[in-house]
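Engineer: What follows is the residue order along each chain.
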Amino acid sequence: MNNPKVSSKIPDSLLIHFYRTMVRIRNFEQAARRLYMEGKLPGFMHMSVGQEATSVGVCSALREDDYITTTHRGHGDVLAKGVSVDSAMAELFAKSTGICKGKGGSMHIADLSKNIFGANGIVAAGIPIALGAAFSAKYRKSDQVAVSFFGDGASAAGPLHESMNMAALWKLPIIFVRVNNQYAESTPQSDFQGIPDVVRWAEGYGMPAYRVDGNNVLEVHNTTEKAVERARNGNGPTFIESMTYRWYGHNMGDPGICRPKEEIEAWKAKDPIEQFKNYLLENKLVSGSKLEKINDEEERLTEEAIQKAEKAAPSPLSSVFEGLYVDVALGQKAIRGDRR
Amino acid sequence: MSEHEVMFREAIRDAQREEMLRDKNVFVIGEDVRDPWRGTYKATDGLSSEFGNERVINTPIAEESLIGLSLGAAMTGLRPVTELMYIEFTTRAMDAVCLQVAKIRYMTGGQATVPLVIRTQGGGYLASGAHHGNSLEAWICHTPGIFVATPATPYDAKGLLKTAIRMDDPVFFIEHKAMYTMKQVIPDEEYTIPFGVADIKLKGSDVTIVANSFMVHLSLEAAKELQKEGISAEIIDPRTLVPLDNESILESVHKTNHLVVVNEGVERCGWAAEVIAIVQKNGFSDLDAPIERICTRNTVLPFQPDLEKYVLPSKDDIIKAVKATLGKE
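Top to bottom, those sequences are chains F and Z.
Under my numbering, the residue at position 305 of the first sequence is numbered 305, and the numbers go up by one with no gaps.
Under my numbering, the residue at position 280 of the second sequence is numbered 280, and the numbers go up by one with no gaps.
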């Protein structure tokens, strides 16, 4: 394993993009948390607050036509890959203006126009889907790359190991991004993983692996760039383990009884956004007033998205069977039943 | 019109071959599908030799990722024809088939399109035991979002598979291991068969037998014997279970007033129960007697051939059921 040195060649516009997108994700999720607790959002919700640098560092190294799949904790990843705040927020509200027309919800945000093949409600299920996108890129001789974000919990599941084997075997352009937030739901890694250093697994399957500080957006970005270059050049997959932490419990129903308070506070002190902000200011890369302006703009973006989503119509009953089958006539035959 | 004779497995191979010639996005992927092994039931014979290993891909034994990979590729616009060696191996890919492939279009609000065909085979009668001889179509029929085809003849298999490969919705295509060497004369010229359209495999007037896949052939044998006793059976083969051609079934029952449903799945909560529910609801006044069903008995499939024979549907079971519904026991 070797960690790349942080490059100083990153242009200002990209530094600003890093900051802006991390702030965007943070605002989106903190607003979603508040709205959920106010009873305004139905269903389940899993927050990724604290993991923003991983989402942004990885996705900023991708092109718009590259593919991603992510997890039930995927708000940050899909926002970083470019889903609009308006359409993602409306989806949380189950509105017809949601990116999935209110049919998917928090755990299923997908934007096919951005090659976001979806968050996923089943742990590890997105990994082979990304493998298929990578397979397709190679089949079509395009230079697109696929990324699968998954958690440390998913790392113990079969699909990761099946997919790593196939990816290495066929030199597919895929990057396995293990977002190591230390817990599978409530269970700490020491309770479900035989060895602490799973980067060794990747080397065993025949692909390079890196462990990065997942709260350092520059480090995540630079490492992902290396992996992307390798994949685009036809040299196959890479495994990246991004060490990070989620500030809140497994889901909105988790009061945080499973993790020590000191541990949470220690990670909050390593807030990826604060760290990056200090880095920008200390190195005089961006002015404080510029960052304040971004904060204001992003705050407005989230507030406006909430207002629009609240005003939008819920997915109407008339849409209940829409989008089930492409062949609508055949689909109607398959849908019909006894209920009046 | 010129014709030629093919085996069921050749019809399956020819459908794939023709669609691969027609569309570069069509590819075949699965365990052991390349020549010289050419698929466990030889239904991909010659494809890797003709199209190369780029378009005919052998995979590791990893069904969950095989189906997941096929889904991801389909979402990018490719048209995978994925061979799942045995229908039982669906258990290893149940999430991928039932939660991912079938649901992703709906869950994304209609954004994702999944032009994927999962070809597999099931069924007993060959002492293949409890892990290789089941008929599990009801599991997939119970999952909204995916179509299910169960062809009974080489002609149907070819036409339905070509349709399935061209469809933009996912299809679970179930062949029967006892039928791969069954022969039939089929047209030389290209044809396709639409989904949701039943075929009357035998015209008759006294009783309707609804049967799918290999059960069509058992029913035809039963009908031949019944004919000797002056009983005229009509055999309706729905060809696709989802969507189901309710109308053809109801029309036949309207004529015969008696129904026997034959399906190789385990009886309890099986596909036959679905057909029976549809007919009692929509054709109740046409019925002169209770509906009979012949399915696999509610037990684990035994290996010992005599025991297997006892639990699977037989020609004699069908004859008995027909006589029971006609009051001729």
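Honestly, I wouldn't trust all of these hints.
Said to hold, decoys possible - Sample of chain Z residues lacking proximity to chain F, with all beta carbon distances greater than 12 Å (derived):
| hint | residue |
| --- | --- |
| 1 | 106 |
| 2 | 141 |
| 3 | 168 |
| 4 | 247 |
| 5 | 269 |
| 6 | 281 |
| 7 | 310 |
What the hints assert, rightly or not - When the alpha-carbon atoms are kept at most 25 Å apart in a straight line, the in silico DMTMM-like pairs for lysine to aspartate or glutamate are as follows:
| hint | chain 1 | residue 1 | chain 2 | residue 2 |
| --- | --- | --- | --- | --- |
| 8 | F | 333 | Z | 50 |
| 9 | F | 138 | Z | 286 |
| 10 | Z | 24 | F | 86 |
| 11 | F | 141 | Z | 286 |
The hints are simulated quantities; they were obtained by calculation from the structure and are not laboratory data.
Computed from a predicted model, the values in this text were never measured in an experiment.
Positions of the beta carbon are idealized from the N, C-alpha and C atoms, including for glycine.
Engineer: Decide, hint by hint, whether the structure agrees.
Structural biologist: We went through each hint and held it up to the structure:
A beta-carbon of chain F is positioned within 12 Å of the beta-carbon of residue 106 of chain Z; the least distance is around 5 Å. Its closest Cβ contact with chain F, about 10 Å, brings residue 141 of chain Z to no more than 12 Å, contrary to its assignment away from the interface. With a closest Cβ-Cβ approach of about 4 Å to chain F, residue 168 of chain Z is found to fall inside the 12 Å limit, against its non-interface label. Interface exclusion of residue 247 of chain Z from chain F breaks down, the closest Cβ pair being 10 Å apart, not more than 12 Å.
Once the 12 Å rule is applied to beta carbons, residue 269 of chain Z is consistent with being away from chain F; the minimum gap is 16 Å. Not every CB of chain F lies more than 12 Å from the CB of residue 281 of chain Z, the least distance being 6 Å, so the non-interface label is violated. The non-interface label for residue 310 of chain Z is consistent with chain F: the shortest C-beta to C-beta separation is roughly 34 Å, beyond 12 Å. Taken as a hint, the residue 333 of chain F and residue 50 of chain Z pair is broken in the structure, with Cα atoms around 38 Å apart against an allowance of 25 Å.
Taken as a hint, the residue 138 of chain F and residue 286 of chain Z pair is broken in the structure, with Cα atoms around 58 Å apart against an allowance of 25 Å. In summary, the hint linking residue 24 of chain Z to residue 86 of chain F is not supported, as the alpha carbons are separated by about 38 Å, beyond the 25 Å threshold. The hinted pair formed by residue 141 of chain F and residue 286 of chain Z fails the criterion: a straight-line CA distance of about 59 Å is larger than 25 Å.
Hint compliance for this structure: hints 1, 2, 3, 4, 6, 8, 9, 10, 11 are broken, all remaining hints hold.
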